[in-house]
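Peer 1: With chain A's structure known, arrange chains B, C and D on it following the hints.
Chains as they are written, first to last, in the working numbering: chain A, 1 to 295; chain B, 1 to 295; chain C, 1 to 295; chain D, 1 to 295.
Calculated directly from the structure, the hints in this document are not laboratory data.
Heads up, some of the hints might be wrong.
Using 35 Å as the maximum straight-line C-alpha spacing, the simulated DSBU-like pairs for lysine-lysine come out as follows [what the hints assert, rightly or not]:
1. B:Lys217 / C:Lys108
2. B:Lys29 / B:Lys108
3. B:Lys235 / A:Lys70
4. B:Lys108 / C:Lys112
5. C:Lys279 / D:Lys112
6. C:Lys284 / C:Lys217
7. B:Lys90 / C:Lys89
8. B:Lys112 / C:Lys118
9. B:Lys112 / A:Lys108
10. A:Lys29 / A:Lys64
11. D:Lys284 / D:Lys112
12. D:Lys70 / C:Lys235
13. D:Lys235 / B:Lys108
14. C:Lys284 / D:Lys89
15. C:Lys279 / B:Lys118
16. C:Lys217 / D:Lys235
17. A:Lys279 / B:Lys108
18. D:Lys108 / D:Lys90
19. D:Lys217 / C:Lys228
20. C:Lys70 / C:Lys89
21. A:Lys112 / D:Lys223
22. D:Lys235 / C:Lys3
23. B:Lys112 / C:Lys223
24. C:Lys223 / D:Lys180
25. A:Lys223 / B:Lys223
According to the in silico footprint, chain C covers these stretches of chain D (three or more CB under 8 Å from chain C) [unchecked claim]:
26. 58-71
27. 124-136
28. 225-235
Cβ coordinates follow ideal geometry from the N, Cα and C atoms, glycine included.
4 protein chains.
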Amino acid sequence: MIKGIFAPIPTPFVDEEIAYDKLGENVAKWGSTGLSGLVVFGSNGEAPYVDEDEKVEVWAYVRKHLPKDKMVIAGTGQESTRATIRLTKKAAQAGVQAALVVNPNFFKGSMKEPALEKFYRDVADASPIPILVYNMPANTGLNLSSSLVVRLSDHPNIVGVKDSSGNIVQISEILRGAPKDFAVFAGSASFLFPAAVMGAVGGTLATANVVPDLCVKLLELAKQGNVKEGAELQKSLLALNSVVTARFGVAGLKAALDMIDYFGGLPRRPMMPLGESEKAEIRKILVDLGVKPVA
Amino acid sequence: MIKGIFAPIPTPFVDEEIAYDKLGENVAKWGSTGLSGLVVFGSNGEAPYVDEDEKVEVWAYVRKHLPKDKMVIAGTGQESTRATIRLTKKAAQAGVQAALVVNPNFFKGSMKEPALEKFYRDVADASPIPILVYNMPANTGLNLSSSLVVRLSDHPNIVGVKDSSGNIVQISEILRGAPKDFAVFAGSASFLFPAAVMGAVGGTLATANVVPDLCVKLLELAKQGNVKEGAELQKSLLALNSVVTARFGVAGLKAALDMIDYFGGLPRRPMMPLGESEKAEIRKILVDLGVKPVA
Amino acid sequence: MIKGIFAPIPTPFVDEEIAYDKLGENVAKWGSTGLSGLVVFGSNGEAPYVDEDEKVEVWAYVRKHLPKDKMVIAGTGQESTRATIRLTKKAAQAGVQAALVVNPNFFKGSMKEPALEKFYRDVADASPIPILVYNMPANTGLNLSSSLVVRLSDHPNIVGVKDSSGNIVQISEILRGAPKDFAVFAGSASFLFPAAVMGAVGGTLATANVVPDLCVKLLELAKQGNVKEGAELQKSLLALNSVVTARFGVAGLKAALDMIDYFGGLPRRPMMPLGESEKAEIRKILVDLGVKPVA
Amino acid sequence: MIKGIFAPIPTPFVDEEIAYDKLGENVAKWGSTGLSGLVVFGSNGEAPYVDEDEKVEVWAYVRKHLPKDKMVIAGTGQESTRATIRLTKKAAQAGVQAALVVNPNFFKGSMKEPALEKFYRDVADASPIPILVYNMPANTGLNLSSSLVVRLSDHPNIVGVKDSSGNIVQISEILRGAPKDFAVFAGSASFLFPAAVMGAVGGTLATANVVPDLCVKLLELAKQGNVKEGAELQKSLLALNSVVTARFGVAGLKAALDMIDYFGGLPRRPMMPLGESEKAEIRKILVDLGVKPVA
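For reference, chain A alone in the conformation it holds in the complex:
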């Protein structure tokens, strides 16, 4: 069973080209933390901005440079079933251990539950590696209901879900309905603790790129039933989480990394770089958290 804290890493670019040296340095640092693994080409990896060939190369690179005891999960969801299957197979060949598959979402009117259910079953049937369902309504404009996820949990090759909706009731409903060994992951550090208290076994968290070991500790506190300390740590992470996710997006995450001895850099266009006041806000949050900013 997949569990623990995963960082969905950003893709480092210099002049919009993938910077492998920077990627290698980052991976080495994450490799020495308590993270269970990395997600490569989740939303934070700017997956929709990166070509298929680039992705395959990056997966192989990260797999090669990350310690073997840590997992690599590949984000492989595409709009069509055939492209998703093709990319998932390539990810498997590149050596990753599982695929995180966001649902097709452009044709919103056509992506009703039967279409989405068939999509996931078709992909899981064809995939050589286990599939994690990825629910990300803020980006997709669609929500995967708890009843859909529970139905999918009966497929032997669908082993879990990353839910980024922040809907704790929906997460609880999945935990109630799915088998015990179906891995439910919080999709954001802003609700990791309550989700873990309800039974989530891990998190795939933008914030885990920046403060991996605090995220690991937060999950531990939930497992121990240490409600008092857990609630305090959870609250202390809210401000950081908000600037590396909803408020400033991938550009915010990259700016935060640039302040703490990782390489962040700029996103590909059309994502805009942060302004100075936004950077100052992030810097202040890092100082308040006790993460000493280098830059």
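Peer 2: Relative to the frame of chain A, chains B, C and D by itself:
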């Protein structure tokens, strides 16, 4: 400080007229449970369907018939500031201990944060009793942000918030930012446990009309840090909660009460009564929960 | 058949009390224009902020002071069926010719089409005066579908609809499906011309308070098939329409009236007064339109 | 200036592979109608389901087989600026006359107006062919405001907009603010007539695949100011339009084509084929319209 579990009671009607005998019997039953009090004319009381004079009479009636150690909280939010103040004063004269005030919401484009903040401050300034802010986006079509609620928490006569959004991050942000003695209430039994784990001191829960002592127990488990039992009990209440709130509304709540020796009856029009299949679903949920249905 | 241009008038307040002298002066001015009548206590009348007794008095006052050849339509929609029927009967007794009924909307989850359809049929059955359905999704958070409105158009006492959605396809669908004598009104001057070209017989327009005769002319151009002039006039009214509706709301409408020799004044709280820059913007738009501002 | 009626053609697949023979037959038929041209890989072409190499090949094929007096417009919008520029250049090399560019939309929180404006300017700067902005909120979950489109209309290589929002006010605002030679296209046959009455010079319409010459006639009636006939024809097209767009999507469009001597076939997965009752509904609509169904 207000805390514990409150039932936002439905208003009993016979032929669309308030049935005081039924109300009295219900109140007597709730009065013998572990509830901390009742909310009278929250959404579940069909507040928008009940005239001002009727409300005042019901508040006085409930206050008279409920044991003195239990609080009565009156739902007094109206669209205009002046009507809200007038009704809150009448509620105070009728003997209630606090007012739960939903935000004005018809003129959505005009109800920006400065207008909403001034509304609450004006009401709180004029009210003889403490005010609880009531955030109910599913009905109002507006959300009260955590930053707005935190700002309002500095007013000496605004003593807490009932948040029915189910947004656990927003609830956590309020708990982080507001003073320790600002009472945060979960607005639904579907997320009472995670909210309480994060620091909420109580709940105002439609489900507490039906299974008051299970809700009281769920809150206790959170206070004790009993994560394992708490998560189980939380999950076991999800199905009941959904049929007495989002899925079947007030008609669902009333139907459930009719099945367990309380009086439910029908809502005022235009709310529709439930069909037989919907009632059968509720009955099955009550059996599954071990609440033996009488009808 | 009801047709032509109606102004949904704002309610004049001085110190939040109804100012009948100001109302009388305004009504006299509107009475000398090409308007077909006035709507009293539509959204622009701040209906949700005004008590039932006040409304009845204002309806009688306006009916008495408006020339007999112009209609008075009363906004009478309330959340409950019984309150809507009661208020509609009082409006009829006060002498108005028709009632404009917004749909109940607080309990959004319970206001499904069967409930809304029954609501309108119950009200129309009980009303001594004809009913116009009022669809205002921006305020109610619900949309009345074209199929619902078409079904309602078969009721002998439901004589038309005011559609403020701005959805020209929905309006076209109603015109296709309803009987020829069912009156379809544009709910905003921003789409009066295309709606009239498709077959709408009139408009109930905030903008008609400010420039009634331009609105009358725009409707005439559509009837004449004068597409070239009509499109130009339509475009020239967009800026004014936006500041007296969506952008600045009732406060914007009142500020515009104060600039052109009508009385506007302030809305009741919690609506906020406009700032100086917003007023300057309105003033400029009025000058651009050739409506010479007095203030 | 680009104007007239364009059909955004579906891509014919047999066993999910592009069927060039079927494509050739369809193109020959459309080539003999009054259409001004074809859009290849708009939404109806299942653009997100088709690989870059496939698209280039199809553009070249259609350009070769369509009469020279008819335009080919390529849908080239991708999530990243660099991929959009690359694909637009390839489309130009394939011989198309213009590019229709949907806005990036996955990272909704980051796609604020400055990012979107820069995206379109960067693409237009780099493109060898003219750019049409494509606003499709139902699929993208984002709306391009009239003020943004008006700002973009000053770029010499941005020559028009296809607006599929159906918001006639927004379309009117663009027509008011943009230069006279900026081409505004209705994005759906459901509002072609009112849009054209306001000044739109054409339409890019799924329905134009099925009844091209009726769409051409509808546009003509608007140009002639024939309001009476135009409104009737507009209303008569609503039912067909709804089943080939919002209600049944691309699968509905393909099914309709299969009924009238064009090749439709099935969409790529995960789009689902229609059921029999949905097909029967389409067939009835085609009969009612007087388009004799073959199948």
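Peer 1: Confirm or reject each hint.
Peer 2: Cross-check of the supplied hints:
1. B:Lys217 / C:Lys108: Between Lys217 of chain B and Lys108 of chain C the Cα gap is close to 31 Å, so the pair holds against 35 Å.
2. B:Lys29 / B:Lys108: violated (39 Å)
3. B:Lys235 / A:Lys70: holds (32 Å)
4. B:Lys108 / C:Lys112: holds (21 Å)
5. C:Lys279 / D:Lys112: Holds - the C-alpha atoms of Lys112 of chain D and Lys279 of chain C are around 28 Å apart, at most 35 Å.
6. C:Lys284 / C:Lys217: holds (22 Å)
7. B:Lys90 / C:Lys89: holds (28 Å)
8. B:Lys112 / C:Lys118: Between Lys112 of chain B and Lys118 of chain C the Cα gap is close to 34 Å, so the pair holds against 35 Å.
9. B:Lys112 / A:Lys108: Given that 35 Å is the threshold and the Cα spacing comes to 30 Å, the pair holds.
10. A:Lys29 / A:Lys64: holds (14 Å)
11. D:Lys284 / D:Lys112: violated (44 Å)
12. D:Lys70 / C:Lys235: holds (32 Å)
13. D:Lys235 / B:Lys108: Roughly 33 Å separates the two Cα atoms, so the pair holds.
14. C:Lys284 / D:Lys89: Distance ~45 Å between Lys284 of chain C and Lys89 of chain D Cα, so the pair is violated.
15. C:Lys279 / B:Lys118: Holds, at about 21 Å.
16. C:Lys217 / D:Lys235: holds (25 Å)
17. A:Lys279 / B:Lys108: It holds: about 33 Å lies between the C-alpha atoms, which stays within 35 Å.
18. D:Lys108 / D:Lys90: holds (27 Å)
19. D:Lys217 / C:Lys228: With Cα atoms ~19 Å apart, Lys217 of chain D and Lys228 of chain C stay inside 35 Å; holds.
20. C:Lys70 / C:Lys89: Cα-Cα ~20 Å, so holds.
21. A:Lys112 / D:Lys223: Status violated; Cα separation ~40 Å.
22. D:Lys235 / C:Lys3: holds (21 Å)
23. B:Lys112 / C:Lys223: Distance ~40 Å between Lys112 of chain B and Lys223 of chain C Cα, so the pair is violated.
24. C:Lys223 / D:Lys180: Distance ~26 Å between Lys223 of chain C and Lys180 of chain D Cα, so the pair holds.
25. A:Lys223 / B:Lys223: holds (16 Å)
26. 58-71: With 0 residues closer than 8 Å to chain C, the stretch 58-71 of chain D misses the three-residue bar; violated.
27. 124-136: Coverage by chain C is violated here, the residue count being 0 at a Cβ distance below 8 Å.
28. 225-235: The restraint on the stretch 225-235 of chain D holds, since 8 of its residues have a Cβ under 8 Å from chain C and three suffice.
Checked against the numbered hints above, the structure violates hints 2, 11, 14, 21, 23, 26 and 27; every other hint is satisfied.
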